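Chemist: Dock chain V against the given chain G, drawing on the hints supplied.
2 protein chains.
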Amino acid sequence: MINIEMEALGKKRSAIRELFEQGKLLKEKYGNDKVYDFSIGNPSIPCPKKVNDTLIDLLSIANSKDSDENYDKIDTYKPLNSNLLHGYSSAQGDVDVRNAISKYLNITYNADTSGNLIYLTTGAAAALSISLKAITSGKSSDEVIVFAPYFPEYLVFIKNANATPIAVLPDKNTFYPDLNDFKNKINKNTSAVIVNSPNNPTGVLYAEDVIENICKILKEKEIEYNHPIYLISDEPYRELIYVDKKYPFITNYYTNSIITYSFSKSISIPGERIGYILINKNADNANDVYAAICGAGRSLGYVCATTLFQQLIPHILGITSDISIYKNYAELFSKELTNIGFEVIKPDGAFYLFVKALCDDDNEFSKKALEYNLLIVPSESFGIKGYVRIAYCVTKKQIIDSLPKFKELYNYYKH
Amino acid sequence: MINIEMEALGKKRSAIRELFEQGKLLKEKYGNDKVYDFSIGNPSIPCPKKVNDTLIDLLSIANSKDSDENYDKIDTYKPLNSNLLHGYSSAQGDVDVRNAISKYLNITYNADTSGNLIYLTTGAAAALSISLKAITSGKSSDEVIVFAPYFPEYLVFIKNANATPIAVLPDKNTFYPDLNDFKNKINKNTSAVIVNSPNNPTGVLYAEDVIENICKILKEKEIEYNHPIYLISDEPYRELIYVDKKYPFITNYYTNSIITYSFSKSISIPGERIGYILINKNADNANDVYAAICGAGRSLGYVCATTLFQQLIPHILGITSDISIYKNYAELFSKELTNIGFEVIKPDGAFYLFVKALCDDDNEFSKKALEYNLLIVPSESFGIKGYVRIAYCVTKKQIIDSLPKFKELYNYYKH
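So the sequences go chain by chain: G and V.
Numbering that gives the first Met the number 0 numbers the first residue of the first sequence as 0 and each following residue consecutively.
Numbering that gives the first Met the number 0 numbers the first residue of the second sequence as 0 and each following residue consecutively.
No lab work stands behind these hints, which were simulated from the structure alone.
Here the structure is a predicted model, which is why all the values come from computation and not from measurement.
Certain hints may be false.
The list treats identical chains as interchangeable, and a pair is accepted whether it falls inside one copy or across any two copies.
What the hints assert, rightly or not - Here are the simulated EDC-like cross-link-like pairs (lysine to aspartate or glutamate), alpha carbons at most 16 Å apart as the crow flies:
| # | residue 1 | residue 2 |
| --- | --- | --- |
| 1 | Lys245 | Glu211 |
| 2 | Lys182 | Glu211 |
| 3 | Lys396 | Asp287 |
| 4 | Lys10 | Asp287 |
| 5 | Lys102 | Glu407 |
| 6 | Lys355 | Glu335 |
Bound-form chain G, shown alone (with noise of 0.2 Å):
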């Protein structure tokens, strides 16, 4: 009685994890340095020192609470001895913690959130799954829009709350969503819709007409079929730009807006799996899609979110690690790959390239890549053909010495 789906999607290693083991062995076989893996986005920069430095701060005053032999009597909250440190938090995380999300939000982006809509989670995935069991009803009908290319991982999710996945077309000019596409495939099913800017594959940051352009749509189909449409802007990338351009902070476009958020990228801590959900504050019965989060939450085995990592959080708001050295390389490797050939979508931020394959087949493109030990991703796994999507979150080293392994690729296709 083992579930089928289940097994088939534990066995079925995503497209990413597959290249990530052909990796390995590539490694194993020719050594780490003749191996370029641009495949995974796990960060390459180490986290701020402040992050380990506030951790390491929380637990050795915990450790000097707990050796005055005074846990009998406990009444202050902060700083915390280890029980406290270690302890439960609400469901939702820290209140404390909470607000100061709000207020940092509100600083930087003249937002008007709240921490009492804020919820504290496992990471953006945890904040993805729960988010997206919260606002759908449970029926197969249900509809989620995801914008091409996306990351695979929201087909995952949706599928889990029981809801179907609907993909819209991109402009393959800009990578920006085909809002006729987008307008079409919205119907009276339609719950949510999942931005992600910048963007995973492609490195592309939403301008703000383009963000407007979608909640223009999305308030007139609201109207037209008399519920709430939700918005969900998922933001691990928010801190990772590149360019000079505005970010349009979502709530301050659209009121059934929801934020899943990660501090996974920004402070280089993929591992701890500490982010957040935000629910606009004006949008419909927002108490009640909050208490809905926390219904889900609960449902999917979320206690808390991790204490410690929780406590960190106030100490970090707006300290990211040195991304201008992502900058850099995307720059770097952007003119490079072009220089030599390639066609490479401009990248504003995150820590991404995407770049066109030289034959129609991404698969085989990227199967040929392999034989020159470059590790990138087809496209086809996002939900579009002819592409692969290079991660540069590596060494600059790598990124150069790979250079005369993308000629030579190049130079197999082109000459």
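Modeler: Frame of chain G, contents of chain V only:
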């Protein structure tokens, strides 16, 4: 289109949380030291100093590795720089950590487990939610048996897997399961059985022959219905045992067994959410079950267990908080309540006393206790009537100060 069930689940606090909130109001009114809160199973003994010390070491080493400015040259795996310490692990968790757990279990319990069949989780709640989703078909005809009195969240996780919970009555003398009732409630739709010993809420440890009898019945039923019936042993209190009784390690007794474990209680870090699932290596199609676990984890939004706490595990296996304190509390509290006249189930482990209510309606009894500023949980939410749960993971002072109030409560009913 908010999910109605999730909204209801988010709004309807558990009985325990409800009491906790009422306690907060009482504390504001009367002062913290005048309210005797026995509602929540939040460990009151600090974590072993080694927990904080090890975490500080891991973070300090990462800092020093980072400052080498050598993060371009990652070739050693351990000790870890920040990117490796805080980076993604595989979904199952770090292989060295999993092997360390397996080795520890094999030595401690004379067991035969494999690190390849351990999956690190975000605590025991995640472990249960993932396991139940993995080993039920997704059809509501699937049944999962729980032994009353049971941890109420079992029902939430069973329903999340779309299965149906079936409760088996206890023997009211021993608070072991009533084996006749158990036998009668197994049928062709039974997918799994959850056993929890030492037990929340009774504190009872199942003796070896009880486990043997449960397994014997299950084996017969597996043959009768010709499919596996998984025995999930939920073991967050495994190390919290105060009597000289053998702990029957489940994989030594039953083939199709799965352990869900958490480090929350044994080392007092419940907020950090770290635990694991272990599949018996001799289980039917063990690797397929494991794949389904991986798939279910992915589907629910679990990417990996927090990596800092993964790295802690090998350093603290076999270490616990000073549980002799809980043992003293159990003996003291149990003796004093018995002297007053209460009927107390003998506590073998965990940190709960299960006490007979002094009137038929345990909800009414819990409400009456509130009038004496005593917060004790009615047993109805654990699936049986007529008792209350008293969590004694508090301070000795609170236990002693509460005794006159328990005396007054007793006198109210008996005089």
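Chemist: Of all the hints given earlier, name the ones this structure violates by number, lowest first.
Modeler: Failing hints, ascending: 3, 5.
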